[in-house]
Each structure stands twice: as structure tokens, then as C-alpha cells.
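Peer 1: The residues making up each chain are set out below.
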Amino acid sequence: MIQHFADGILVGSILSLGAIGLTMAMHMLRFANFSHAELLSIGAYCALVFDGIFAGIHNGLAAAVGPLSLTWSLSLSIIVAMGVTGLSAVAIDRLVFRRVRAKGGELSMVFASFGVAMIVRNILGLIFGLQAQLYTNDIIFAVMISSDPLLLIKPDQVFSLVAALVIMVILHLVLSRTTFGYSLRAVAENPTLAQVSGISLNRMITLIWLIGGGLAAAAGIFYGLTNQINPVLGRDLVLPIFAATIVGGIGSIYGAVLGGFLVGIASNVALLILPSGYSPAVPFLIILAVLLVRPTGLFGEERT
Amino acid sequence: MIGVISYLVFFTTVAAILAIAVLGLNLQWGNTGLFNGGVVAFFGAGAYGTLILGGTPQDAHLGGYQLFYPLALLGGMMAAGLMAWVVGVLTLRLRHDYLAIATFGVAVAFENLLRNASGFAGGAQGLRGFQRPLLAWLGDGFTYNLLFLAFVLILLVLVYLFLQRLIRSPFGRLLRAIREDETAAKSLGKNPARIRLISFITGSVIMGLSGGLYGTFYAFISPQDVLPILTFQIWAMLIVGGAGNNRGAVAGAFLIWGAWTASGWALSRFAPLEMQLYTGSVQFVLIGFVIVGMLMWRPQGLFAERLVVSQTGRARQ
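Chains E and Y, in that order, give the protein sequences.
Going by our numbering, 237 is the number at position 229 of the first sequence; the sequence numbering is gapless.
Going by our numbering, 258 is the number at position 276 of the second sequence; the sequence numbering is gapless.
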């Protein structure tokens, strides 16, 4: 029980990071972006590439940080990958979504996002191969926190959780304390009024993709660090991330954070009752339950 | 020569079966503006429903009720409709992305359930023990396939005519009215949520019919047949053909299915041996580009939606 709970919190922090970007883009651009989870894959593979490059440049960087399997070069790569993934998100918007937006309705964007997801996922598969990869082949043993009830935690898991929380706190400070944060919330609240007040909508959209992509990259890397990296990572995480945004209420950033943790914990605890083969279906059950009980989610507002 | 003809019969049968599903999607997306992200779940419900109801008894799993074939097919369609009703009731009154996410989720959960619940429908090994109707009389040969093709084509024409009638009827006008301006339709005393639900269920039942025929044709269905890629293919058919145009939907089905099989054949023939594992990925990338490219450069598809004029307006004196 406690083990499932702990694993759930860790997975939850990853889902939260992914859901924040998704909920922002969904709120601003009014479409369900099914390609958002592919940004996690882009981030994870990007870090894999830069990890190799940095470790090649300087030998010392290949050393692991403390008890973690995480190396210095990989920690550097996290930052680079967040930037590159943010830029890829902007590029995808410029290349595809902006043009479709200009031509068709919101639902054409949903179709387009499926197409983009398909292209990104399979191109990653073509470049990096379909087999799963790891950042390191060193085996890091889990530390036994307590024996009864049994609780095993890997140092990497602790690192991922702490790093995810730090990123969320930074985002919170940016959103609540800076002019940029105010502008962002203003645009989300009322795009027309915000534009009248001199906020550039296009600039805000670009920034949303940058932030969303960056957070997604971090989530993808943490997922890769605690599980493994493979081209279908996005496909496996897209439904849990959507579930997190729906639980939190579409458009609510804090809701997305909470929703991520709730979905992560619920999916892991559900494994106590269900055979593990059913775990991909759990997020769907959560979505159904939320739609039945409180369709606007925890913090969502009614909007059509 | 006979080989070519029998391949053509095979190809046309599958394309016509898929065309029926595309027509169902066209009612939902083209005429009503409902996004169905889980076409494959409704298709699969039809296939599994038909095979469970019409199959011979099996020890390991549910099914084998040996129903009269048309009844089994109807049962499959009802299974698809029932699933659509559950999803529709929960999501259609909400913001439209919810339907997209929920239908996508249904497809994931459906495939997951069938793969794992081996007592229910054979699990990952699929559903066996289905006897194709009239097989004893016609024999398992070319004649059978030809007659089955005729049967599928008749159903395709019937579905096509039904939908043509439907979209020209007052109900069809109502669908488009809701798609274009929900508030205006509401102000005229219409109930958009209910109309959407009817359209969504009808479309899904048609997808169920398509699935039932697919299951009948192969006399076998497994979770491998209900993967998300089929949803993409059916969408690509509709988007390329032209959403809102039934003729376009059918043309798109044949075109995309032709392109898909041709590219599959070409890749397996000409791609180097070490690349064979990746031919699937190449095809997926191609279909992704087809969807995105069409949306960017010709969103109305090859056959654009025609304006349906119900009454020729003549000014009164």
C-alpha cells in the first residue's frame, strides 16, 4: 500500500509537469493537444543525445552525482533539453498549428495534433530505434526506507520528485510575482481585453509553448531516469496527462499540479485491486468518474 | 489472372467495409462537428459483438450463442450504440474537447480490456470459433468471397442512401444548424445536446456495422485489429475525401486504403532488410503527413461539402 502510494507520488509529479503545459495550451488555444505528450519524448531523447555529447567533451562530467545514477552531464542536459524542447514546441506551433488555426476550427487542430503526434513519435522511433534505452546502465539499488510495511525508494526517484517540485515552485513565483505572469493570466482570462491593454497575444502563445515544452522535457527526462526511454513514451502518457488536466479542471495550472498527483497516486493504488495489465485503462476510469461527479474538475470554470 | 481478380475482390471488400465506418464518422464529424477520437472502439464493439453472438461455443471464453447471422450483426451494432450512449451522455453537454479525450480514452480502455480479460473474449489471442454465414452452402472459395463483396457493397449503398436522405431531411438541417451556431439553434427551441447524442449514437452504430462485417470477413478478431492506427486511417479517409460529403467519404476510403496497401507493399518489397522492422513507422509518418498536410492546404478535402438547399427561396409578392 505505502509502496504504491510512494510510487504514485513520483509518477504524479511527472504527470503534473506534463499537465501544466497541456492545460495552459488548452486554455489559451482552446484545443485538446494530443501531441503534447510527444514533447516528453522529445525532451527525453534530447537529454540522451546531449548527455552523450557532454560526457564526450569532458570526462569528469560522466561521473555520477552522489548516490544517484544521474551524471553531471545529464543534469546539464536537462537544462539544454528543456530549452530545445520548448523551441520545438514553438516550431511545431509555427509550422502546423498556427496555419491550421488560421484555416479551420478548433477541432481541426485536434486532428492536426493527432497527426503531429504520429509524425513525431515515429520519427523518434526511426532515429533512435524502437527498443527501450536507459541513461545509464549502472544499476542503482533502491534504498529500503522501512521493512514493514515494505518501502523501497531509489535515490533517483527522490531527486526527480524534488526537482519537479522546485520547478513548480519557480513557475508559481513567475506566475504570481512577475508582470509576465499577470499578462499570461490576463490573456487566459480574456484575450480581447488583454490585447486592448497592450499585451501581444502571439508573444504570449510563443511563451506558453516555450514553458509547456520546457516542463514537458523535464517530465520526460524524469520519467526516463526512473523508468526507461522509448518512442512510445508519449503514447503511454497522453491519457494520464489528459486525466490530470480534467481532474484539475481545464485551464487551471494549480489544478493540473494537483490533478497530476491524484492521477498518479490513484493509478498506482488501483494496482492493489486490479491486475497490472489494466493500468493503462485506469486514467480513463478516472476521467469518467470526474465527468460524472464534477465535470468542471477541481478548479475548473464552466466555459463552452 | 484469377489471382489478380481475387486480390481485387479482397481489396474492394476491405475498402468497402472501411468506407461504411468512414460514412459513420462523416455523420459525426462532417455533419455534426463531433470529434470521435476512438472510432476503433465502436468498430471493435461491432466486431466483437457480432462474433460473440454469432459464434460457436468455446470453452475458454464468453460467446458462442450461435445466433442467426443478421441478428448477431444487429447485436454488434447495438453494442457499439450502447457504448456511444454511455460516452455521449457523459460528455456531449460539456466543452467539445471532453468528447475528444473521452472517446480516445474509450479506445485505449477497450483495447486494454480485451487484451487482458481472456475470459471475456479470448484475450490477446482473439476470438475464434466463428462460422461465416452460408459457408456450408457456398463453399470456402472465390464464389463465397464474390458474394460477400456483393453483400458488403449492398450495405454500403444502403448506408450511403440512408445518410443522404438523413442529411437532406429536417433532422440533417438541424444537425448543420447546431454545428454552425448552437446558440441560434437553441433560441429556436431545439435541444442541441439531444440532437448531438442521436447523431453520435447513429454514427457509432454505423461504425459497429462496419466492424461486424470486418469480423465476419476474417471470421476472427483480436485486440491487434483494434489498435489506434485504424482510427487514424479512418480519419485520413474522411479528411482526404472531404468532411461533410458522403461521396467524398467513400472515395477517400478507397483512395487511402489503396495508398496504404500500396505503400506497405512497396516498403516490404524495396526497403532494405535491416529496415524492414521500421516500415510500419514509415507508413505511420506518411499517414500523419497526409492528415496534417490536408488540414493545412486543403481542409475541405478533395470533395468539398456541398451546400444543401432545402427550399429554393422565391421572393413573395
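To be clear, the hints were calculated from the coordinates, so they are not data collected in a lab.
A hint or two may mislead.
From the derived model, a few chain Y residues whose C-beta atoms are all more than 12 Å from chain E [claimed, not checked]:
#1 F92
#2 W119
#3 F266
Where chain E lies over chain Y, by a calculated footprint (3+ residues, C-beta under 8 Å) [unchecked claim]:
#4 76 to 86
#5 191 to 201
#6 214 to 226
Examples of chain E residues toward chain Y, derived with CB under 10 Å [to be verified]:
#7 G285
#8 A289
#9 L300
#10 P303
Beta carbons are placed, not taken as given, at the ideal position from N, Cα and C, and that holds for glycine.
Peer 1: Now tell me, hint by hint, if it's right for this structure.
Peer 2: Consistency of the hints with the structure:
1. At roughly 9 Å, the least C-beta separation between Y/F92 and chain E is not larger than 12 Å, which violates its mark as non-interface.
2. The claim that Y/W119 lies off the interface holds: its Cβ sits roughly 42 Å from the closest Cβ of chain E, which is beyond the 12 Å cut-off.
3. The beta carbon of Y/F266 is not kept farther than 12 Å from every beta carbon of chain E, the shortest such distance being approximately 4 Å.
4. Residues of the stretch 76 to 86 of chain Y with a Cβ under 8 Å from some Cβ of chain E number 9, which satisfies the need for three, so the listed coverage holds.
5. Counting residues of the stretch 191 to 201 of chain Y whose beta-carbon sits less than 8 Å from any beta-carbon of chain E gives 0, not enough to reach three: the coverage restraint is violated.
6. Here the stretch 214 to 226 of chain Y counts 3 residues with a CB under 8 Å from a CB of chain E, which clears the bar of 3, and the coverage holds.
7. Given hint, E/G285 at the interface with chain Y, holds; its Cβ is 4 Å from that chain's nearest Cβ, closer than 10 Å.
8. Hint on E/A289 holds. Least Cβ distance to chain Y is approximately 4 Å, under the 10 Å limit.
9. About 6 Å separates the beta-carbon of E/L300 from the nearest beta-carbon of chain Y, less than 10 Å, and the hint is met.
10. At about 5 Å, the closest approach between the beta carbon of E/P303 and any beta carbon in chain Y falls short of 10 Å, and the interface hint on this residue holds.
Checked against the numbered hints given earlier, the structure breaks hints 1, 3 and 5 and satisfies all the rest.
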